[in-house]
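J.: The listed protein sequences derive, respectively, from chains A and B. Yeah, the first sequence ends on 224 if you go by numbering that gives the first Met the number 0, and it's all consecutive. Yeah, the second sequence ends on 355 if you go by numbering that gives the first Met the number 0, and it's all consecutive.
Worth double-checking, as some hints may not be accurate.
Unchecked claim - In silico EDC-like pairs for lysine to aspartate or glutamate, Cα to Cα no more than 16 Å straight-line:
id : chain 1 : residue 1 : chain 2 : residue 2
1  : B       : Lys320    : B       : Glu294
2  : A       : Lys28     : B       : Glu241
3  : A       : Lys167    : B       : Glu295
Because the hints were derived from the structure by calculation, they are not lab data.
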Amino acid sequence: MTESLTTGAHLTLWLEAFVTLALFSFLYKDNPVYKFVEHVFAGLSAGYYAGLICQSVIYTQLMDPLYTDFGANFMLLIPFVFGMMMLTRLTPIGPIPDLSWMSRWGLAITVGSTAGIFLIAQLHGLVMPQTLDTFAQFSKVTDFRSFAMASLILVGVISTLVYFYFSKEHKGVLGGVAKVGIWFIMVAFGAQFGYTVMGRVSLLIGRMSFLIDDWIGGSIGSLFN
Amino acid sequence: MNTIETNRPARGAWNKYAQLASSAVVYFAAVFCCVWFYSSDIALAQETNNSDIVDTTLADSSSSDLTTQDSSIIESVLASSVIGETKPAKPTGLIAWRKWNAFLLVIFFSGAIIFFTQKAKAGKSLFIRKIPGLEAIEEAVGRATEMGRTVLFIPGIQELDEIQTIAGVTILGRIARITAEYETPLMVPVRYPLVFAGAQETVKQSYAEVGRGDFYRDDMVRYVAGEQFAFAAHVNGWMMREKPAANIYMGGFFAESLLLAESGFASGAIQIAGTAEPAQLPFFIAACDYTLLGEELYAASAYLSHEPLLLGGLKGQDLFKASLIAIILLGVIGVLVFPDTLGNWLTVLLNGEYNN
Numbered sequence: 000m001t002e003s004l005t006t007g008a009h010l011t012l013w014l015e016a017f018v019t020l021a022l023f024s025f026l027y028k029d030n031p032v033y034k035f036v037e038h039v040f041a042g043l044s045a046g047y048y049a050g051l052i053c054q055s056v057i058y059t060q061l062m063d064p065l066y067t068d069f070g071a072n073f074m075l076l077i078p079f080v081f082g083m084m085m086l087t088r089l090t091p092i093g094p095i096p097d098l099s100w101m102s103r104w105g106l107a108i109t110v111g112s113t114a115g116i117f118l119i120a121q122l123h124g125l126v127m128p129q130t131l132d133t134f135a136q137f138s139k140v141t142d143f144r145s146f147a148m149a150s151l152i153l154v155g156v157i158s159t160l161v162y163f164y165f166s167k168e169h170k171g172v173l174g175g176v177a178k179v180g181i182w183f184i185m186v187a188f189g190a191q192f193g194y195t196v197m198g199r200v201s202l203l204i205g206r207m208s209f210l211i212d213d214w215i216g217g218s219i220g221s222l223f224n
Numbered sequence: 000m001n002t003i004e005t006n007r008p009a010r011g012a013w014n015k016y017a018q019l020a021s022s023a024v025v026y027f028a029a030v031f032c033c034v035w036f037y038s039s040d041i042a043l044a045q046e047t048n049n050s051d052i053v054d055t056t057l058a059d060s061s062s063s064d065l066t067t068q069d070s071s072i073i074e075s076v077l078a079s080s081v082i083g084e085t086k087p088a089k090p091t092g093l094i095a096w097r098k099w100n101a102f103l104l105v106i107f108f109s110g111a112i113i114f115f116t117q118k119a120k121a122g123k124s125l126f127i128r129k130i131p132g133l134e135a136i137e138e139a140v141g142r143a144t145e146m147g148r149t150v151l152f153i154p155g156i157q158e159l160d161e162i163q164t165i166a167g168v169t170i171l172g173r174i175a176r177i178t179a180e181y182e183t184p185l186m187v188p189v190r191y192p193l194v195f196a197g198a199q200e201t202v203k204q205s206y207a208e209v210g211r212g213d214f215y216r217d218d219m220v221r222y223v224a225g226e227q228f229a230f231a232a233h234v235n236g237w238m239m240r241e242k243p244a245a246n247i248y249m250g251g252f253f254a255e256s257l258l259l260a261e262s263g264f265a266s267g268a269i270q271i272a273g274t275a276e277p278a279q280l281p282f283f284i285a286a287c288d289y290t291l292l293g294e295e296l297y298a299a300s301a302y303l304s305h306e307p308l309l310l311g312g313l314k315g316q317d318l319f320k321a322s323l324i325a326i327i328l329l330g331v332i333g334v335l336v337f338p339d340t341l342g343n344w345l346t347v348l349l350n351g352e353y354n355n
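Starting from the given sequences, assemble the full structure and let the hints guide the process.
T.: See below:
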């Protein structure tokens, strides 16, 4: 690898290493180098996403279909109009009066349709299948082990649901069941924590591998060979 | 209930009629989009008996460690692969009859919400148990006021078409009222333009409602960056430089959750978090002073406002949860003791026809 590195590849590696180390420097404390890289990162990202949306949404999903087959795609004019209404947030400008209230229509349709679609999706995709599976597994019980597992899941689901019951104070029997529920939740979180940390450690290993193998071993190493 | 009337400039009568007409158009467009969505893509997936896969994917998309964009990509790939395997589409009509069981449950759920909302409107007091994380919000804002520092609120890093973001923005409205009353500086960094518009409207509205419209500034809500870690890097740097007194994270968070919460902890802020992402909750629990777990995030706006409409919704959800517990217990008895009657009925109710 080291022999074949071009000047451009060297520069890229050094730039990547600089940015990586600059971001890592935040572990010590906030500093001007981190601040510089942070602003570059945020600015690049904002610019990149603006370009991406222009290309993948405005051009590919709106302009192109309207231009190629207007009759079949005239429905796209509805989101187009709502999109244009969002620009009224910029008013008042010069002689144009304050029309910013029009931008709320787009927001309203987004929020309303999201709530409606997610209600059905959650109910149909999660709540009903999970409710069914919680008791249906008892029909597949063949031995003590499978019965114990089914019972464990039953207790876990019911006690967790009780924990998220807000209409009664968690006292007495309800409080006891809710306490069991929070234990189940915490055990689940503990497992999730370990699983996610493993994923993050692999990300760190990836960055370290880049710094040690590609940058130090590759680019810096080639300077001394 | 929050209204958007108070902050609107006065207009003529014709303008009000135009607004009514356009509101009707918006409403019907929303209904049409929902029906279209379900009667085309999802109904097509049903042709291959895979509707449960699509719905589960939609439902699960908010509970993974992926960002919104990753989830959207998976949804579109899965949907396209499912649709790609189908025969040419048959006309499916506007009603997906196979979802009759979901329809029944929605009717029950909606009925419960309407019942409790009416009860709350009639003046009956509806009890909600104490949620410590929400009790601490006013304390946190009070602390920021005493210290003369800013309250940082992040409504998650998802788009406005995600239910957690909507919950976050609703809570932002309540918190903005408190900061307006106390004249405490508020900072709301966001990741998406639509969330920016929604959050700005919400904050502006809240300040107007408590009669502090003159304290509102447009730059209280700031668009930061579209990229997840660029957003996190900027907010982290801002926290260390500005040292906000209270950091409130409410919404959908992903891999940046610990980065934000740890930086907030290092900056010495009191931190309150709430998310329905199971993978991120452990990190918030570890690094924040108070954490709202999953459902508590959705209960927060009702809890903070005590408005009849929101309280009715919360009570309706509780009744629904109690009904689910009853169905599960009846189901266990049915499966073990009356498998051909009760067990079968409950299975059909929850399963519909998908596996028949």
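J.: Are the hints correct? Go through all of them and say.
T.: Structure-based check of each hint:
no.: 1; hint: B/Lys320 / B/Glu294; verdict: holds, 11 Å
no.: 2; hint: A/Lys28 / B/Glu241; verdict: holds, 14 Å
no.: 3; hint: A/Lys167 / B/Glu295; verdict: holds, 14 Å
The structure shown violates none of the earlier numbered hints.
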